[in-house]
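Spelled out, the chains give:
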Amino acid sequence: MKNVIEVRNLTKAYKELRAVDDLSFEVHEGEILGLLGPNGSGKSTTINCLLSLLQFESGHIRIFGKEMTPDAYDLKAQIGVVFQDVAVFEELTVYDNIDYFCGLYIGDKNTRKAYVRDAIALTGLEEFVKFYPKQLSGGLLRRLNIACGIAHKPKLIFLDEPTVAVDPQSRNNILDGIRILREQGATIVYTTHYMEEVEILCDRIIILDKGRVIASGTNEELKELTDIEEKVTVEVDRISQEQLAQIKALEHVKEVTNSKNVVSIVYREGEDHFGKLLAFLGKEKIRYHKIYSERPTLNDVFLELTGKELRD
Amino acid sequence: MLVFRTYFKILTKYKGIVILYTVILLCFAVFNMQTSDNSTNFTASRPDVYVENKDEEGALAGLLCDYIKEHAEVKGPEDLKDTEGVSDALFYRQVNYTVEIPENFSEDFLAGERPDIVVRSIGDYQAAYMEMQLERFLQTASLYQKAGMEEKQLIKQIKETLKETVEVELKSSVDKEGLSKGAFFYNFANYSLLAGCVYAIAVALSSFRRDCIRRRANVSPINNLRYNLQLLLANGVFAFALWAFYVLISFVMVKDVMFTKQGLLFIANSFVFALCALSVGFLIGNLTTNKEALGGIINVVALGSSFLCGAFVPVQWLPDAVLKIAHILPSYWYIQNNERIAKLETVEPAAIKPLLVNGAVVLGFAALFVAVTNVLAKRGRQRRV
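So the protein sequences, as listed, match chains A and R. Going by this note's numbering, the first sequence opens with residue 1, and the numbers climb by one from there. Going by this note's numbering, the second sequence opens with residue 313, and the numbers climb by one from there.
Incorrect hints may have been included.
What the hints assert, rightly or not - SDA-like mimics (lysine to any residue), calculated; alpha carbons at most 25 Å apart, straight line: (1) A/Lys134 <-> R/Ile561; (2) A/Lys109 <-> R/Glu412; (3) R/Lys327 <-> A/Arg18; (4) A/Lys66 <-> R/Arg527; (5) R/Lys690 <-> A/Tyr95; (6) A/Lys308 <-> A/Arg18; (7) A/Lys134 <-> R/Glu462; (8) R/Lys325 <-> R/Asn602.
Unchecked claim - Computed spacing ranges between beta-carbons, pair by pair: (9) R/Cys524 <-> A/Glu251: 53 to 59 Å; (10) A/Glu16 <-> R/Val669: 53 to 59 Å; (11) A/Leu17 <-> R/Cys524: 43 to 49 Å.
As the list claims (entries may be wrong) - Among chain R residues calculated to face chain A with C-beta under 8 Å, some are: (12) Lys321; (13) Lys325; (14) Gly328; (15) His383; (16) Ser519; (17) Ile534.
Bear in mind the hints are in silico, worked out from the structure with no lab data behind them. Positions of the beta carbon are idealized from the N, C-alpha and C atoms, including for glycine.
Model the full assembly from the supplied sequences, consistent with the hints where possible.
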């Protein structure tokens with residue numbers, strides 16, 4: 001598999017703080033790589049180093065097989081970036097903004113016109129082309145931000161937390177757009193602290209903490225890193241400490257927690273936990289309103305590996 | 313030229329403010345044209361002269377009295393009733409000059425004698441004028457008497473000779489009033505140029521200088537130098553266009569002056585100042601990206617320096633302390649040049665030299681602002697990295 005990005009032993013420090021610490025990874029052609037980690041884990045610093053926006057202490061970065069430097073304009077021409085902060089001109093319309101940022105890459109007027117039209121369609125901004133950024137909602141503004149970053153049809157796209165503070169409709173639109181970009185052949189590096197997005201979108205995931213890779217692999221590979229098999233949650237009328245202890249003593253139960261009569265039971269292994277729990281509740285005549293089962297999440301993996309939650 | 317074109321697209325969003333500064337300039341210029349006194353005439357004032365004619369029968373004495381009447385307000389004894397005689401009238405400036413024609417003046421004069429006419433004067437310019445007229449009369453009469461003319465013929469000749477006048481026309485190659493209006497217009501243009509340049513350049517630059525926009529440019533294949541050069545060119549073109557527009561207005565408002573050498577100097581001086589205004593715009597555009605703060609900054613920079621340096625009120629009305637402070641502002645040197653140009657009789661190397669010195673000071677300020685801008689921009693880049 002061809003590597004689009006190769007990072008070797010990358011280290012970036014701010015005085016005493018090592019924001020990125022001896023980081024190495026690759027991004028394969030055509031994949032969506034998720035960089036997952038809590039705030040301050042080094043995701044954005046890594047992206048900024050990859051784009052030569054930040055100088056770094058040591059390490060090597062190769063993109064499309066070439067060393068990435070601030071004046072590697074041939075490489076920059078093939079890269080698209082969607083920054084975390086919305087970066088558009090308040091004085092220009094939606095169309096003019098996309099046209100300007102596309103124009104930084106595409107000189108030919110007719111090609112640019114077609115590309116801008118495609119970007120508008122991809123992000124669903126057709127009805128807002130004459131609007132000024134101030135007239136757009138937060139979600140639409142994010143979509144404009146994405147359109148400005150990808151209008152020139154780059155081969156490699158960096159998306160730095162593109163769905164922060166957007167409504168569910170815009171989020172779905174953005175995620176659909178990213179899938180389309182991948183189908184069109186783009187390689188995507190996607191940073192976020194929303195594990196659900198990474199789970200449904202990314203082919204491979206790198207989990208970062210304190211500037212280091214703590215785990216990497218596919219969604220399934222990462223979940224195998226934890227011994228959690230299933231999580232069952234029951235909302236009950238009331239439950240005694242004795243009954244909780246009895247649940248804890250059931251086969252394969254790893255952990256039981258109770259928060260305001262919402263009981264979470266974590267199972268290590270085994271089968272039919274749900275049936276066995278229902279039988280126990282019936283036997284003990286414990287009344288419940290809601291009961292549901294979940295597979296382990298990346299948050300559980302992160303918790304297992306670091307002892308803290310992703311959103312800490 | 314994408315950056316160049318986008319700069320002007322952004323600027324069109326702020327054209328209202330620049331138009332406002334231009335309208336203010338036009339209003340003040342029109343107001344000035346209408347309130348200026350266009351009169352170039354003067355009215356000669358006539359001296360008050362007390363005449364006592366003791367030769368009432370004599371024809372020459374009568375002619376002298378008539379001649380004095382033509383050139384002065386003649387007062388008789390009845391006009392001096394509130395005073396105790398001629399001395400008092402002179403002391404209280406009721407008259408400027410007194411003439412006492414002795415008895416038998418006409419007869420004695422025709423006989424070749426020169427009877428004494430007693431005159432007294434308060435010594436002012438009106439008395440001197442009267443002295444001159446009296447001397448003229450007596451010299452003319454003496455000339456014809458020596459030629460041996462009889463009384464009748466002598467009187468006739470004197471009358472004809474004294475009637476003759478010489479028309480004197482004072483001509484000046486410079487239109488002082490027009491130059492003064494030109495100076496007023498260009499002095500006020502100090503405010504409009506400075507405010508217009510600072511506002512437009514600073515708002516447009518602040519849009520391009522926002523960190524997020526700058527980062528997008530930095531990750532794109534556009535060369536950093538090319539990007540900055542396009543911005544520089546756009547700023548220069550805007551400042552030039554604004555300056556050229558104000559010069560065009562000056563050709564409409566004070567066209568007679570603008571086609572003279574002094575007009576050319578006004579234009580050159582304002583061009584130098586436009587360069588300085590451009591550098592101030594650069595500096596402020598680098599100091600802040602906060603568009604809301606720009607209104608306040610313009611008030612301090614453009615309005616403040618225009619008041620301190622005499623753009624709105626004549627420099628001679630400003631207190632010395634204010635003028636001393638004004639020395640540290642480029643507007644002062646620009647306005648000083650406008651005032652000098654308005655007073656230039658001829659445009660020659662010696663007269664232009666101080667203008668060049670002041671112009672060099674303005675350019676020096678521009679260079680200083682550019683240097684400070686570069687230092688600030690460099691620090692900003694280092695901070696971001």
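Hint check against the structure, violated hint numbers in rising order:
Per hint list: 1, 2, 3, 5, 7, 11, 14, 15 violated.
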